[in-house]
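J.: In case you want the letters, here they are:
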Amino acid sequence: MGAKQFGARVKRLEDPALLVGSGQYTDDIKLPGTLHAAFVRSPHAAATLRGIDVDAALALPGVRAVFTAKDLPPAMSKMRMPQLVPNAAMQTIRTQHCLVVDEICHVGQAVAVVLADSQYIAEDGVDRVQVDYDVRQAVNDVRDAVKPGSPLVHPDLGSNIVAASPMAYGDVDAAFANAKHVFTEHIWQHRGGGNALEARAILANYDLMNDMLTVWSATQVPHTTRRMIAELMGRNLDQIRVIAPDVGGGFGPKATMYCEDTVIAQIAMQLRRPIKWTEDRREHFLCATQERDQYWDVSIAVDDDGRIIGVRGHLLHDSGAYLPWGIIMPYIAATTMPGPYVIPAYRLDMTVVFTNKVPTTPVRGAGRPQAVFAMERLMDRVARELKLDPSEVRRRNFIQPEQMPYPVGLVFRDGKPLVYDSGDYPKCQEAALKLSRYQDFKPRQAEALEQGRYIGIGIANYVEGTGLGPFEGVTVRVLPNGKVRVITGATNQGQGTRTTLSQIVADAVGCSMEDIVMTLGDTAAIANGLGAFASRQAVNAGSSARIAGLEVRKQILRVAARSLGVPEEQIDLEDGWAISRSGNRQSISFGRLSFASQGMPGFSMEPGDSVGLEHTAFYMPPQAAYCSGTHVAEVEVDVGTGAVKVVNYVVAHDCGTVINPLIVDGQVQGGVAHGIGNALLEWMQYDENAQPITVTFADYLMPMATDVPDCVIEHVETPCPLNPIGAKGAGEGGTIPAAAAIIAAVENALSPFAVFFADTPLVPERIVSALTTANAYRRRHAQK
Amino acid sequence: MTVKQAIAVTVNGKQYQREVEPRLTLADFLRHEINLTGTHLGCEHGVCGACTILLNGLSTRSCLTFAVQAHGQEVTTIEGLAEPDGTLSPLQQAMAENHALQCGFCTPGMLITLTELLRDDPNPDDAKIRETLTGNLCRCTGYSGIVAAARQVAKGGRGIAGD
Amino acid sequence: MKPAPFAYHVPRSLDDALRQLASLDNAKILAGGQSLVAMMNFRVVTPDHLIDINSVEGLSGITVEDGRLRIGAATRQRDLEFSTEIAWHCPLMRAAVLLVGHRQTRNRGTIGGSLAHADPSAELPNVCAAHDARIEIHGPDGVRTVPFAAFNRTFMTTAVEADEILTAVEIDLWAPGHGYSFHEFARRHGDFAIVGVAALLDVDDGHRVTRASLSLCGVDAMPRRLPAVESALIGRVLDDGTIDDVADMAGDLETIEDHHASKSYRQHLARILSGRALREANARACLQKARAAS
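Protein chains in written order, with this note's numbering: chain X, 917 to 1700; chain B, 318 to 480; chain D, 130 to 423.
These are calculated hints, taken from the structure and not from any lab test. As the structure is a computational prediction, the values presented were derived from the model and not from experiment. Heads up, a few of these hints could be off.
Dumping the calculated DSBU-like pairs for lysine-lysine here, alpha-carbon to alpha-carbon at most 30 angstroms [unchecked claim]:
id: 1; chain 1: X; residue 1: K1063; chain 2: X; residue 2: K1358
id: 2; chain 1: D; residue 1: K157; chain 2: B; residue 2: K321
id: 3; chain 1: X; residue 1: K986; chain 2: X; residue 2: K1303
id: 4; chain 1: B; residue 1: K472; chain 2: X; residue 2: K927
id: 5; chain 1: X; residue 1: K1350; chain 2: X; residue 2: K1332
id: 6; chain 1: X; residue 1: K920; chain 2: X; residue 2: K1343
id: 7; chain 1: X; residue 1: K927; chain 2: X; residue 2: K1399
id: 8; chain 1: X; residue 1: K946; chain 2: B; residue 2: K445
id: 9; chain 1: X; residue 1: K927; chain 2: X; residue 2: K1470
id: 10; chain 1: X; residue 1: K946; chain 2: X; residue 2: K1399
id: 11; chain 1: X; residue 1: K1358; chain 2: X; residue 2: K1303
id: 12; chain 1: B; residue 1: K321; chain 2: X; residue 2: K927
id: 13; chain 1: X; residue 1: K1561; chain 2: X; residue 2: K1350
id: 14; chain 1: X; residue 1: K1303; chain 2: X; residue 2: K1332
id: 15; chain 1: X; residue 1: K1303; chain 2: X; residue 2: K1350
id: 16; chain 1: X; residue 1: K1096; chain 2: X; residue 2: K1303
id: 17; chain 1: X; residue 1: K946; chain 2: B; residue 2: K321
id: 18; chain 1: X; residue 1: K1561; chain 2: X; residue 2: K1343
id: 19; chain 1: X; residue 1: K1470; chain 2: X; residue 2: K1399
id: 20; chain 1: B; residue 1: K472; chain 2: X; residue 2: K1561
id: 21; chain 1: X; residue 1: K1343; chain 2: X; residue 2: K1358
id: 22; chain 1: B; residue 1: K445; chain 2: B; residue 2: K472
id: 23; chain 1: X; residue 1: K1561; chain 2: D; residue 2: K157
id: 24; chain 1: X; residue 1: K1561; chain 2: B; residue 2: K445
Just some of the chain X residues that point at chain B, by a computed CB distance under 10 angstroms [to be verified]:
id: 25; residue: G939
id: 26; residue: H1230
id: 27; residue: Q1585
id: 28; residue: G1593
Yeah, the Cβ is synthetic: ideal placement off N, Cα and C, and Gly gets one too.
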């Protein structure tokens, strides 16, 4: 079979509708009689709910109902949200109630919900709900929360510690005892958010005639959302249908189970009216989950040549007030740190702690940006101390391609031994260095300095476990009109899932992409599914699409051979036609074959025939697929103001076989933008009472068009040997090493002043403060 | 609740008459009164730019404008950018060719902003394009494809890729 | 994030607007709405009446007459940006307006709105401070004119009383060929400045400073002129050392602080940006002198 679409720079099928404004995002969907919901949210980070008076709200014309926990079914109101990924190391699995029963553990927790004829009136109603709170002392800083005597986030648990466990292999103490050099860094990475441009949204409708509850949700994971709603409502799973329509960006926070989803679904059933809730940006800052927020104290032991002997340290993770995703971020962080390097002995002790802030769950990168930042800061430190080039230190420590598959010695979050399946780390770095003209940089830097300009270059490497299971299914079905229906539990929040899967199916089946009609993210179309997280859909759904497509191809050939009266080997499948290669090139359309494959009334099927041209495949990856790459950032620092501009950015990465370079380039470029935000701009700040203080886009600084350069991207393709399409994930690699590369570049730019940084975001004020301490401003030329 | 007021607004060449509360934003009017949901709301405080429309030909935040203010005025939204026969504008085509959109949520604002820019300044340089785009946030693309699309239309004038 | 209810009024004349303002309780003037409506969406501002002055005759326009620039309060920031009068006669304002928000907000935002909102980091009030602008205010008892020094009273508070409307800004133009510069530091393009500096300079044929104005935004509750620095500049030829010395004076200011920036960082920026602004204004002034001489 000739691969025509797979690997090609195919324009996206998603775009035509989105370019003319006919996309259908959740808030765009209109059902007659819809009531609009607005939530009453706690203004306190730690409090006990004393009472709620809803009378004034109910008296407002247009307000139809107000729900508190007491108005939900008793069983539901008492239940807590499901815990998605329990882990034996967790001392508690605390999640939240649907609506506040008594405890309030972060600002913005939902206390009640007002239902009204319009969103405007619903918000008027919210202003009229009186809530009586007993305010407790909150704890904002995770470093305070672990101290004895700290205020308790959950007083009944007696401690703020969620988990304390090591991640280790080898004899790390011996390694450090015998090391010639030991260097230590203290690292912090900010708290930030996903901030998809579309915030969360949900529309629920109960259809009494069919006893079906339909929920449209701006979610990455419709099947998981359905499971949660079923569990909390005590309802049959298959009498709930969750649809993810067009979704305006995910980035992780939309893969979390939120109380609002279930509350809105429940109220739609109770009131027998469609209910819509569209999260506003302020609520997104208060209530959508966030990430990063880790403190690392890490040391590296090396020999005189800069070869790593051991790495050890401690990781303190702020989990916020609840544990919707358990402890997977610190877990992923701890297992990502070794990266592409041979590290003979390793031990990282994790402490996971509650604070009175919104929970942390995966945000693009999911623990990996922190780990890569920590490891790469150590590598830069080794280079500096041993007077080696940063690229050379890394080169000396790389795992070599011939060592693949490479067992790291840890267990990854998929429960499987952490074994890198494939990759060529030295090749990626070489490619990135070449593209960035790394070898010429020193003279360029010296020349710039002559002109009073401070430019710098930084490198960062990463290895990322992607393509996590358990599975994603794809159904391929040839319809009687010749169209090919593709159904998957995979979802699309901008990744181009529809395009990518269409490319794979078109090649496998032998049809044009235009003939493919796709159903994504609809639980009614396929019984089981997961959705988007962990850069998993190309690997999981892509593999299933190939398997199902090839199976349908076999079925087509079988029926076509019979219809055309030629052997299967003599038939080509092209553009939806089966064409005989022999004789007069007789042909028959897929539509006719689909019809034929249904048999005839009263007649027997041929032995071995399948019913219809249809197959469903559930590819189940045996373990993660490990992608990798090297980023090189070039920055210019305005020494006077501390402003950093990223001027050049190079990515050489290995996401296995590339299905569509147009889309992968876009994923990388967008990921880097997010990483630039992490490195320099984005910082979700809270005051000492755990009050969020950056709750607008004017205060929480997302990268703008002037902050992100056009990346130079090279795909170094080492096919993944574990799956039939050779793919590894590509959605997060752009973000993961960006902060490490950029901060290294800033240090390099400021090397005349010998200032060093171990925090992100690296804000201009921090740079100026470091330069002030380094007496930089005594030199007149620095100010001009 | 306040008394509703009658307004007549021309949107994409068609006049709409409605009675609306004064507090109804122009964005909500477009989205929910006349069902043109291509205009999106991403922040409702004037920073993200997803709600940008042309008001009498000038790019404007429809979340910071009340529908009553648009009485007697002309509005252009993303739904009004293609030719009447459905042919995409050169900019719309260039957006698809340059992978200038992923989730599509910021796309209406991006299209409106660049449509205005390229109308007033048919040959902007990259710096001008980027500076103008600071009024529109995109979380997905890292802006590269959006800038490339604008660049393509600016240079080519026809908006067809390559040749 | 939907605004609370209000009644909407569209006066056609200034008198009507003033009458409505006097007779309606909890009324607000709506001009460009780029700050006001955002605050209404957050419900931190909840007027019962909104008086939209966009249809009031005669409130917008840019005129230059007798060495005086007059800008109607409802003049859009966009019109400042594209005005050849402004570019020619008041280049400081042109430089500053390019830093105000974004194209889409400048299309609606007005100079009067910017002045009345009085954000301590805003660029246009700082230009008015540097230019000793006069602010024209109409009220029930007629019109009065307030020098900018008495206009912006404290944090986001101006001399405009509840029953008054800001109607125009007047600036006495500096001589053609004067030096000017607006330097600011904002975290991203179009963000409010953390610190911004407006500088105006005249120099004589020997490049000695004959007149100087230096005003900073983002350091205090309102734009802050630095008269001590200005007088220190007079009579001096501005070489690098001199500029560094006077910029150091700017760095000694007492400043505000908040989660955007500490006091010491603001002082640092005041020093650095004052130096940059003075350098640029001086270079421009000297160049103009040289051109005029040749």
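J.: Work down the list of hints and note, for each, if the structure agrees.
T.: Comparing the hints with the structure gives:
1. Proximity of K1063 of chain X to K1358 of chain X is assessed by CA-CA distance (about 47 angstroms); at most 30 angstroms being required, the pair is judged violated.
2. Between the alpha carbons of K157 of chain D and K321 of chain B the distance comes to roughly 19 angstroms, so the proposed pair stays at or under 30 angstroms and holds.
3. The straight-line distance between the Cα atoms of K986 of chain X and K1303 of chain X is roughly 66 angstroms, outside the 30 angstroms bound, and the hint therefore fails.
4. About 21 angstroms separates the Cα atoms of K472 of chain B and K927 of chain X, which keeps this hinted pair within 30 angstroms; it holds.
5. Note on K1350 of chain X and K1332 of chain X: the hinted pairing is violated, with a Cα-Cα distance of about 36 angstroms set against a maximum of 30 angstroms.
6. Restraint check for K920 of chain X and K1343 of chain X: the C-alpha separation of about 28 angstroms stays at or below 30 angstroms, so the hint holds.
7. This hinted pair checks out: K927 of chain X and K1399 of chain X have alpha carbons roughly 20 angstroms apart, not beyond 30 angstroms.
8. For the hint linking K946 of chain X to K445 of chain B, the alpha-carbon distance of about 39 angstroms lies beyond 30 angstroms, and the restraint is violated.
9. The hinted pair formed by K927 of chain X and K1470 of chain X meets the criterion: a straight-line CA distance of about 28 angstroms does not exceed 30 angstroms.
10. For the given pair, K946 of chain X sits about 29 angstroms from K1399 of chain X by alpha-carbon distance, which is consistent with the 30 angstroms threshold.
11. Using a Cα cut-off of 30 angstroms, the hinted pair K1358 of chain X and K1303 of chain X holds, with the two alpha carbons roughly 15 angstroms apart.
12. Of the supplied pair hints, the one linking K321 of chain B and K927 of chain X is violated, its CA atoms being roughly 46 angstroms apart against a limit of 30 angstroms.
13. A threshold of 30 angstroms between alpha carbons decides the hint, and for K1561 of chain X with K1350 of chain X the separation of about 22 angstroms falls inside it, so the pair holds.
14. Under the criterion of a C-alpha separation no larger than 30 angstroms, the hint pairing K1303 of chain X with K1332 of chain X is inconsistent with the structure, at around 39 angstroms.
15. Between the alpha carbons of K1303 of chain X and K1350 of chain X the distance comes to roughly 22 angstroms, so the proposed pair stays at or under 30 angstroms and holds.
16. For the given pair, K1096 of chain X sits about 15 angstroms from K1303 of chain X by alpha-carbon distance, which is consistent with the 30 angstroms threshold.
17. Of the supplied pair hints, the one linking K946 of chain X and K321 of chain B holds, its CA atoms being roughly 22 angstroms apart against a limit of 30 angstroms.
18. Our distance criterion of 30 angstroms between C-alpha atoms is met by K1561 of chain X and K1343 of chain X, whose separation comes to about 28 angstroms.
19. About 17 angstroms separates the Cα atoms of K1470 of chain X and K1399 of chain X, which keeps this hinted pair within 30 angstroms; it holds.
20. A distance of roughly 27 angstroms separates the Cα atoms of K472 of chain B and K1561 of chain X; the hinted pair therefore holds under the 30 angstroms criterion.
21. With a C-alpha separation of about 22 angstroms, the suggested pair K1343 of chain X and K1358 of chain X falls inside the 30 angstroms cut-off, and the hint holds.
22. About 14 angstroms separates the Cα atoms of K445 of chain B and K472 of chain B, which keeps this hinted pair within 30 angstroms; it holds.
23. Distance check on the hinted pair: K1561 of chain X and K157 of chain D sit about 41 angstroms apart at the alpha-carbon level, beyond 30 angstroms; violated.
24. Of the pairs offered as hints, the one joining K1561 of chain X and K445 of chain B holds, with about 17 angstroms between alpha carbons and a cut-off of 30 angstroms not exceeded.
25. Interface hint at G939 of chain X: satisfied, since its Cβ lies 5 angstroms from the closest Cβ of chain B, which is below the 10 angstroms cut-off.
26. With its C-beta approaching chain B no nearer than about 33 angstroms, H1230 of chain X sits outside the 10 angstroms limit, and its interface hint is violated.
27. Given the 10 angstroms rule on beta carbons, the hint for Q1585 of chain X holds: about 4 angstroms separates it from the nearest Cβ of chain B.
28. The beta carbon of G1593 of chain X comes within 9 angstroms of a beta carbon in chain B, closer than 10 angstroms, and the hint placing it at the interface holds.
Comparing the model with each earlier hint shows violations of hints 1, 3, 5, 8, 12, 14, 23, 26; every other hint is respected.
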